[in-house]
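*Asks:* All chains, please: the whole structure from these sequences, using the hints.
Residue numbering for the sequence shown follows the working numbering, beginning at 208 and increasing consecutively.
Don't read these hints as lab results, they were simulated from the structure.
Hints may contain errors.
To be verified - Pair by pair, the computed Cβ-Cβ distance ranges are:
no.	residue 1	residue 2	range
1	I266	H328	35 to 41 Å
2	V333	D248	33 to 39 Å
3	G321	L217	19 to 25 Å
4	K302	I335	22 to 28 Å
As the list claims (entries may be wrong) - In silico DSSO-like links for lysine-lysine, alpha-carbon gap of 27 Å or less:
no.	residue 1	residue 2
5	K253	K223
6	K302	K259
7	K223	K302
8	K280	K302
9	K243	K277
10	K219	K302
11	K318	K302
12	K243	K318
13	K223	K262
14	K318	K332
15	K235	K280
16	K243	K262
17	K280	K332
18	K259	K235
19	K262	K235
20	K243	K259
21	K219	K235
22	K259	K277
23	K253	K277
24	K223	K235
25	K318	K280
26	K253	K235
27	K277	K302
28	K332	K302
29	K302	K243
30	K235	K277
31	K219	K259
32	K332	K243
33	K280	K259
As the structure is a computational prediction, the values presented were derived from the model and not from experiment.
The C-beta atom is built at its ideal place from N, Cα and C for all residues, glycine as well.
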Amino acid sequence: MQGSQLAEFLVKRGRKVIIVDEGDEIGKGLPEILIKPRLIDWLEGKGVQIIKRAKLLEITGNGLNIQTEKEGKRFLEVDNVLTALPLMPNENMLKEFNGCAPEIHAIGDCKTPGLIVDAIHEGFKVGINL
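*Replies:* Printed below as a string of structure tokens:
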């Protein structure tokens, strides 16, 4: 699950959420047109604190130490820390099938992590071009 989607999941269950990201873009990988702007606006509207360009220095028993360009070192008191790593292609299955058929095509998360609707469309395009 992508980090901003995990934040949405937790907020809907009554949790207070702080997003800390090393980069300067929240929701990377989400569709720009519909989902990403609405999700980020929704999170901000629910009081989710978003801290960008922050380096995680240490996780302690009651929070985490971070460092940002603007504020320097800073401590965030939190009950739980969840990590959401960047989405990566899952090529394991592709490697297992290598050599089992004359042609093997990667679609969906095997090729590029994304939405199921995109994987279906990729599969359709591959299918009609066989």
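*Asks:* Does each hint hold? Answer for all of them.
*Replies:* The hints, checked one at a time:
Look at I266 against H328: about 40 Å separates their beta carbons, and that is inside 35 to 41 Å. With their beta carbons about 35 Å apart, V333 and D248 fall inside the hinted range of 33 to 39 Å. For G321 paired with L217, a C-beta distance near 22 Å keeps the hint of 19 to 25 Å intact. Between K302 and I335 the Cβ separation comes to about 26 Å, which falls inside the hinted range of 22 to 28 Å.
For the given pair, K253 sits about 9 Å from K223 by alpha-carbon distance, which is consistent with the 27 Å threshold. For the proposed pair K302 and K259, the alpha carbon gap of about 36 Å is over 27 Å, so the pair is violated. Note on K223 and K302: the hinted pairing is violated, with a Cα-Cα distance of about 41 Å set against a maximum of 27 Å. At roughly 44 Å between alpha-carbon atoms, K280 and K302 are farther apart than 27 Å, so this suggested pair is violated.
Note on K243 and K277: the hinted pairing holds, with a Cα-Cα distance of about 25 Å set against a maximum of 27 Å. Among the hinted pairs, K219 with K302 is inconsistent with the structure: their alpha-carbon atoms are about 38 Å apart, more than 27 Å. Taking the CA atoms of K318 and K302, the gap is near 12 Å; set against the 27 Å cutoff, the hint holds. Straight-line distance between C-alpha atoms of K243 and K318 comes to about 21 Å, which keeps the hinted pair within the 27 Å bound.
About 21 Å separates the Cα atoms of K223 and K262, which keeps this hinted pair within 27 Å; it holds. For the hint linking K318 to K332, the alpha-carbon distance of about 14 Å falls within 27 Å, and the restraint holds. Using a Cα cut-off of 27 Å, the hinted pair K235 and K280 holds, with the two alpha carbons roughly 25 Å apart. A hinted pair counts as satisfied when its Cα atoms are at most 27 Å apart, and K243 with K262 qualifies at roughly 23 Å.
For a cut-off of 27 Å, the pair hint linking K280 to K332 is broken: about 50 Å separates their Cα positions. Among the hinted pairs, K259 with K235 is consistent with the structure: their alpha-carbon atoms are about 12 Å apart, no more than 27 Å. Under the criterion of a C-alpha separation no larger than 27 Å, the hint pairing K262 with K235 is consistent with the structure, at around 17 Å. Taking the CA atoms of K243 and K259, the gap is about 16 Å. The hint holds against a cut of 27 Å.
Restraint check for K219 and K235: satisfied, since their Cα atoms lie roughly 21 Å apart, inside the 27 Å limit. Simply put, K259 and K277 have alpha-carbon atoms about 10 Å apart, close enough for the 27 Å limit, and the pair holds. For the hint linking K253 to K277, the alpha-carbon distance of about 24 Å falls within 27 Å, and the restraint holds. With a C-alpha separation of about 22 Å, the suggested pair K223 and K235 falls inside the 27 Å cut-off, and the hint holds.
Under the criterion of a C-alpha separation no larger than 27 Å, the hint pairing K318 with K280 is inconsistent with the structure, at around 38 Å. Between K253 and K235, the direct Cα distance comes to roughly 20 Å. Compliance with the 27 Å bound is thereby established for this hinted pair. The suggested pairing of K277 with K302 is violated, with an alpha-carbon distance near 45 Å, which exceeds 27 Å. A hinted pair counts as satisfied when its Cα atoms are at most 27 Å apart, and K332 with K302 qualifies at roughly 21 Å.
For the hint linking K302 to K243, the alpha-carbon distance of about 32 Å lies beyond 27 Å, and the restraint is violated. For a cut-off of 27 Å, the pair hint linking K235 to K277 stands: about 22 Å separates their Cα positions. A threshold of 27 Å between alpha carbons decides the hint, and for K219 with K259 the separation of about 22 Å falls inside it, so the pair holds. Taking the CA atoms of K332 and K243, the gap is about 25 Å. The hint holds against a cut of 27 Å.
Distance restraint check for K280 and K259: the Cα-Cα separation of roughly 14 Å lies within the 27 Å cut-off, and the hinted pair is therefore satisfied.
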